[in-house]
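Engineer: The primary structure of each chain is shown beneath.
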Amino acid sequence: MILDYILRRLGLLFFMVLLLSIFTFSLSYLFPGDVLSNLSGVSNTNFAQSALLEEKYRVNSNYFIQYIAFLDRILQGDWGVSFASGDSVFKHILDLIPATLELSIYALLISVVVGVPLGILASAYYKRWPDKLISSTAIVGYSMPIFWLALLLIMVFSLKLGWFPMSGRVSLLYEIPASTGFILVDILLADFPYNGMAMLDALHHLTLPTIVLAMYPTTVLVRFTRESMLKVMDQSYIKTARAKGLNRGQLIIHHALRNALLPVIKQIGLQFSTLITLAMITEVIFSWPGIGRWLIDSIYQRDYPAIQGGLMAVSLFIIIATIMAELTYTLLDPLSRNQAHGKV
Amino acid sequence: MHLLDIRNLTIELQTAETTIRAVDRVSFSLKEGEVHALVGESGSGKSLIAKAIVGVLNERWVITADRMHWRGVDLMRLTPEQRRKTVSQDIAMIYQDPSRCLDPTAKIFNQIAETLPEVATTGFFLKRNRARKDRVKALIHKVGIKNHEAVLDSYPHELSEGVCQKVMIAMAIARTPKLLIADEPTTALESTTRAQVFRLLKSLNQLKNMSILMISHELEEIVNWSHGIHVLYCGQMVEAGPTQRIFSQPRHPYTQALLKSLPDYEHGLAHKEPFYALKGTIPTLQHLPIGCRLGPRCPQAQKECVVAPKLSKHHGHSYACHFPLIKEVK
Chain R
1 MILDYILRRL GLLFFMVLLL SIFTFSLSYL FPGDVLSNLS GVSNTNFAQS ALLEEKYRVN
61 SNYFIQYIAF LDRILQGDWG VSFASGDSVF KHILDLIPAT LELSIYALLI SVVVGVPLGI
121 LASAYYKRWP DKLISSTAIV GYSMPIFWLA LLLIMVFSLK LGWFPMSGRV SLLYEIPAST
181 GFILVDILLA DFPYNGMAML DALHHLTLPT IVLAMYPTTV LVRFTRESML KVMDQSYIKT
241 ARAKGLNRGQ LIIHHALRNA LLPVIKQIGL QFSTLITLAM ITEVIFSWPG IGRWLIDSIY
301 QRDYPAIQGG LMAVSLFIII ATIMAELTYT LLDPLSRNQA HGKV
Chain E
1 MHLLDIRNLT IELQTAETTI RAVDRVSFSL KEGEVHALVG ESGSGKSLIA KAIVGVLNER
61 WVITADRMHW RGVDLMRLTP EQRRKTVSQD IAMIYQDPSR CLDPTAKIFN QIAETLPEVA
121 TTGFFLKRNR ARKDRVKALI HKVGIKNHEA VLDSYPHELS EGVCQKVMIA MAIARTPKLL
181 IADEPTTALE STTRAQVFRL LKSLNQLKNM SILMISHELE EIVNWSHGIH VLYCGQMVEA
241 GPTQRIFSQP RHPYTQALLK SLPDYEHGLA HKEPFYALKG TIPTLQHLPI GCRLGPRCPQ
301 AQKECVVAPK LSKHHGHSYA CHFPLIKEVK
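Chains R and E, in that order, are what the protein sequence lines are. Using this note's numbering, read the first sequence as starting at 1 and increasing by one per residue. Using this note's numbering, read the second sequence as starting at 1 and increasing by one per residue.
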């Protein structure tokens, strides 16, 4: 039963990725400019090079053969070269995506660690001052554009107080060899005398972008958890459990939390796509060397192979994350686990 | 001594404009080992009374009572924590929609195990665990579920309503309560399961001396084994007394109408013969009539009925009517 479900989800994943690849493939033809240079990223070629590229990209065959060739190249990691740098797009993405992931994962972690308990607290003190305080703060955070929040934080904490640096991942003093791309992991792995200092510095650099990025998902989770808890606390089975003689703490821990947090898990998965979008803005503001900033730069520079590759990588990532979140949700929820076919 | 003694219980709902009095000065009492039935149409406030006793009503409802004594202790004067303890120890309640009253994400075993009273068990974790398992198994057998392994390992949505109701009963009797409040326990069940549930409740009453407050609108089911009946209409107690007296000589027109509406299978029913019913419907809570709330529908209503009648008592049989059906013998 559950294996069946996982297989169906994986089937869905497969078709989504297939559609995504078709879309990416068609971009080369939809973008202005020469198809061959859009695909390969090589422009201003001489005759011999053109002939070679034509052979490689099969531009003289029909679209289907071209698409198959495209898939083949994608799978081999040959995503063309960037107009701007002349380097392989795939290598760029591999280098940059860990920085974005790192930022997003920390932000998501913080939003879960802060948002969910605050939501529970607000629901436990429904309509009393903790609830009012949390809810109104959440509304303020929710409605604040994050670039503005970022600028405010930079003004106060970087320029006025000088507590946190305003850009970059780590101070130039430290030369961190990139092995995983996750800065904190890299520092731990790299073996050099100033390890602790470098760690502290990296954490300092991380603070402001993480706070900015975490703001939106945190407020969403606060509001969502609160609503969910209030809804669950009003259910008959909670009343039954209360009549059974459980006290408030037991009631919340044994019955309310599990039921209320299930939709929250789903919500966390849904937040991931928003998070990546917001990460792009954050990266631009904090000069964070992630894929978002690179993608936006590529758009400015009309670097079509880079746009294609970046879009594909980011979308692939979001699709996988969404499906993973849904799988987790289903594994945890006994009700949806037994759901029959035909539910998306 | 009375097990439960309630005097002038009033339950009101505060709305923006007015206060709606959903239950109006209801009094009744219950002795140990007795089965009492609270009878009335839907919307007459039966469930509200039950929930007020157990204390699971929302904060929206305002509950006032001259007294609500449980074995001599006034529940209204206890702190919420004390009240929760007292109530959970001695009173259990089963509901009309059992599957919605079970936590959908917890297995049946855990839900039953959590109602077990904390016994001072000695021994290791494993031993305690086994003792718990045995207790749960015994409980589930007691309520007539035979394949305990499958049931205990299921989630509520995997079971039928009847099994869920039996699980609810198992949970209710886990602490061997003095009083079991059954709030329309059989509405969601089909007739064979319904009979099983009633048999189970009856045997609990007879073997364990458990008092039962039965909330129902099925008179036939309870007439044989209940000691007293309280008839409610629109939140007012219209008549109360020993079951046999209520059945043989109802004093209140509403009780009479209720009894008349039972189809009489013994004398045979004509083809498509209409059942007897009072004209009109039960008024909504926003538009309650003043005085006797049955007034507009009552066949005997007269001018005096705009003043709420006092409850008059006669040999343990009380009724609230200006014009009772049988004149009292002086």
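Derived by calculation from the structure, the hints in this document are not laboratory data. It is possible that some hints are incorrect.
[Unchecked claim] Here's a subset of chain R near chain E, in silico, CB distances under 7 Å, partners left out:
| hint | residue |
| --- | --- |
| 1 | S143 |
| 2 | S167 |
| 3 | S171 |
| 4 | Y237 |
| 5 | K239 |
| 6 | R242 |
| 7 | A243 |
| 8 | K244 |
| 9 | G245 |
| 10 | N259 |
| 11 | K266 |
| 12 | P334 |
| 13 | L335 |
[Claimed, not checked] Over 12 Å on every C-beta distance to chain R, these chain E residues come out as not near it, computed from the model:
| hint | residue |
| --- | --- |
| 14 | D74 |
| 15 | K85 |
| 16 | S99 |
Even glycine gets a Cβ: it sits at the ideal position worked out from N, Cα and C.
Engineer: Run the structure past the numbered hints and jot down the numbers of the failing ones, going up.
Structural biologist: 1, 2, 3, 11, 15, 16
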